[in-house]
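For reference, the chains in residue letters:
Protein chains: 2
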Amino acid sequence: MKVDKMGDWRRTHYSADINPELDGQEVVVFGWVQEIRDLGGLRFLILQDKAGQLQITIHRHKVAKEVVEKAETLQKQYSVGIKGTVKKMPKAPNGAEIIPNEMRIFSMSQQPLPLDITGRTKAEIDVRLDARTLDLRREENQAIFRVQHAALQAARNYLSEKGFMEVFTPRIIVSATEGGSALFPVVYFTREAFLAQSPQLYKEQLALDFEKVFEIGPFFRAEESHTRRHLSEFISVDIEQAFANAEDVMNVLEELIYHVCKYVAENCERELKLLNHTIEVPEVPFKRLTYREVLENMIHYVCKYVAENCKQELALLEHELEV
Amino acid sequence: MKVDKMGDWRRTHYSADINPELDGQEVVVFGWVQEIRDLGGLRFLILQDKAGQLQITIHRHKVAKEVVEKAETLQKQYSVGIKGTVKKMPKAPNGAEIIPNEMRIFSMSQQPLPLDITGRTKAEIDVRLDARTLDLRREENQAIFRVQHAALQAARNYLSEKGFMEVFTPRIIVSATEGGSALFPVVYFTREAFLAQSPQLYKEQLALDFEKVFEIGPFFRAEESHTRRHLSEFISVDIEQAFANAEDVMNVLEELIYHVCKYVAENCERELKLLNHTIEVPEVPFKRLTYREVLENMIHYVCKYVAENCKQELALLEHELEV
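Just so you know, the protein sequences line up as chains A and B, in that order. Numbering-wise, the first sequence is residues 1 to 323 according to the working numbering. Numbering-wise, the second sequence is residues 1001 to 1323 according to the working numbering.
In case anyone wonders, no lab produced these hints; they're calculated from the structure. Heads up, some of the hints might be wrong.
Listed below are the simulated DSBU-like cross-link pairs for lysine-lysine, each with C-alpha atoms no more than 35 Å apart in a straight line [unchecked claim]:
| no. | chain 1 | residue 1 | chain 2 | residue 2 |
| --- | --- | --- | --- | --- |
| 1 | A | Lys5 | A | Lys87 |
| 2 | A | Lys287 | B | Lys1212 |
| 3 | A | Lys203 | B | Lys1162 |
| 4 | A | Lys203 | B | Lys1311 |
| 5 | B | Lys1212 | A | Lys87 |
| 6 | A | Lys273 | A | Lys162 |
| 7 | B | Lys1304 | A | Lys203 |
| 8 | B | Lys1304 | A | Lys212 |
| 9 | B | Lys1304 | A | Lys65 |
| 10 | B | Lys1162 | A | Lys5 |
| 11 | B | Lys1287 | A | Lys203 |
| 12 | A | Lys162 | B | Lys1311 |
| 13 | B | Lys1273 | A | Lys212 |
| 14 | B | Lys1212 | A | Lys212 |
| 15 | A | Lys273 | B | Lys1262 |
| 16 | B | Lys1162 | A | Lys91 |
| 17 | A | Lys162 | B | Lys1304 |
Predicted model, so just to flag it, every value in this text is computed and none were measured.
Sequences are here, hints too, so could you generate the full structure?
Structural data, given as structure tokens:
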């Protein structure tokens, strides 16, 4: 089948904008077919766009023949445009549906899909990563990215308001910036170089010029790891401040975390609901421990753990641990 | 000499905040000694912080002995804190100076400095890069970074308002994303990988989920070059949009440039003055050329250049170019 061109069609509304107040108005919506329900004379399409989902209702005998024919070729995840009339419909998402007057199919998808886009049939992580684009269509995954965007906005706004300036430090460097972390070597023309594992040395130098700087971006650590949670490439949020001591820096970072949590809690209600997550906005200042307190806590924890879990071994050693 | 600790001192004002209205008020300022002028009984220090410069006036017989002694040891670029009283002084920067009551020296600088911090004695680029931290203290260089910060704020705000979501795509990749660009190889544990030269393939995939995405961050191109203006590592501002054609994308990018220019022109007056630069905010839409028009313009330009600059050669060839 030949696909259609977008031509002069432009989206007038996102799915989330369609509501009963638009009853009778002609709109153009774009998106991907999420679900198809065929009741003979009646066919429902659920169309997904970045803002959510929308019901398209096709009465076989009430819409143009061309629309009916196109609707019958549709498969899940086809990319389509629909020009149609909004109709109040209490049972539909947002209380309104669209009756199509024209339909354009922009691209088709291979069938069967590699995973169930609704997430009802769970897929293994390998399958999900192989079809990551489809996997990210799931509303929960979309929500995670939108929360990230909001958190970034909040972090940058907070730091900018506090007089921090955004900088970019080099990623390709000639030597390690921190002891103890392994580096990825880069072939830099005829020389060896490395990927930076932090902006450390550069941001320290820049603080001598700009006093308060921050950088948000990818950094690289080549530690071997046996867990999935240890990233070789990660996004770092890093600050440096002149004329400040450890307490001052802790204040900035605590308030940064407070501000980001507050902003996300207030601006991502829909996303947090989708993720079934509540953000507890922390109180500042956080509880602070001295180095000595951390050591004492750790020793206490280790002794308690050994006393409870190694009774046989302790008996063999005729030893009793004081917790 | 032993240096002082910051202790419980905290900056109350930046240099730019000191003005005649604060006359008589005690303040704490931090910064670096930019200039020292000694008139015997009177010593002027110009203190630089990230906001600008400030005059500190030390009357030998009017301030504490300890302050006089410390002031005599000062050299350019020493890092100092001053607790003092603001005094109206029409001739000083911002119309006010500070009479110090106490002084703390946080760190000393090696003398002589590798370059003239005022920029009056120009340094070669090699010297400047070797002492880049000092070089960036020059107000013109500070201004460049502040303009960059403002431009980033404007770009991110514009794109976020237009529904674009910030994303992070991988920098360590397994193959080239665009034909024709050379790649930097990375030793990725036991395998060969490459540094990404653009977010291209990833942002295209992400546009299928989020429709409008952008990324601002470092990318890498390994082209050999004979100019200083060709960067192997550069900061890319990149967008991708679904359900849009080339015209739509040009509209977004033109308006982005318009918005950034406008924001910087309105918010960086001091910086632009320092850089002796005026921003002409462009009108949107920009003049657009078809592919054919670009080719025709280029051919016309080349012919005109050859006709004007290669008269002897053309005579030898008995050839006349039609412009």
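Evaluation of the provided hints:
no.	hint	result
1	Lys5(A) / Lys87(A)	holds (26 Å)
2	Lys287(A) / Lys1212(B)	violated (40 Å)
3	Lys203(A) / Lys1162(B)	holds (32 Å)
4	Lys203(A) / Lys1311(B)	violated (56 Å)
5	Lys1212(B) / Lys87(A)	holds (28 Å)
6	Lys273(A) / Lys162(A)	holds (31 Å)
7	Lys1304(B) / Lys203(A)	violated (50 Å)
8	Lys1304(B) / Lys212(A)	violated (52 Å)
9	Lys1304(B) / Lys65(A)	violated (60 Å)
10	Lys1162(B) / Lys5(A)	holds (24 Å)
11	Lys1287(B) / Lys203(A)	violated (41 Å)
12	Lys162(A) / Lys1311(B)	violated (63 Å)
13	Lys1273(B) / Lys212(A)	holds (23 Å)
14	Lys1212(B) / Lys212(A)	holds (32 Å)
15	Lys273(A) / Lys1262(B)	violated (38 Å)
16	Lys1162(B) / Lys91(A)	holds (31 Å)
17	Lys162(A) / Lys1304(B)	violated (55 Å)
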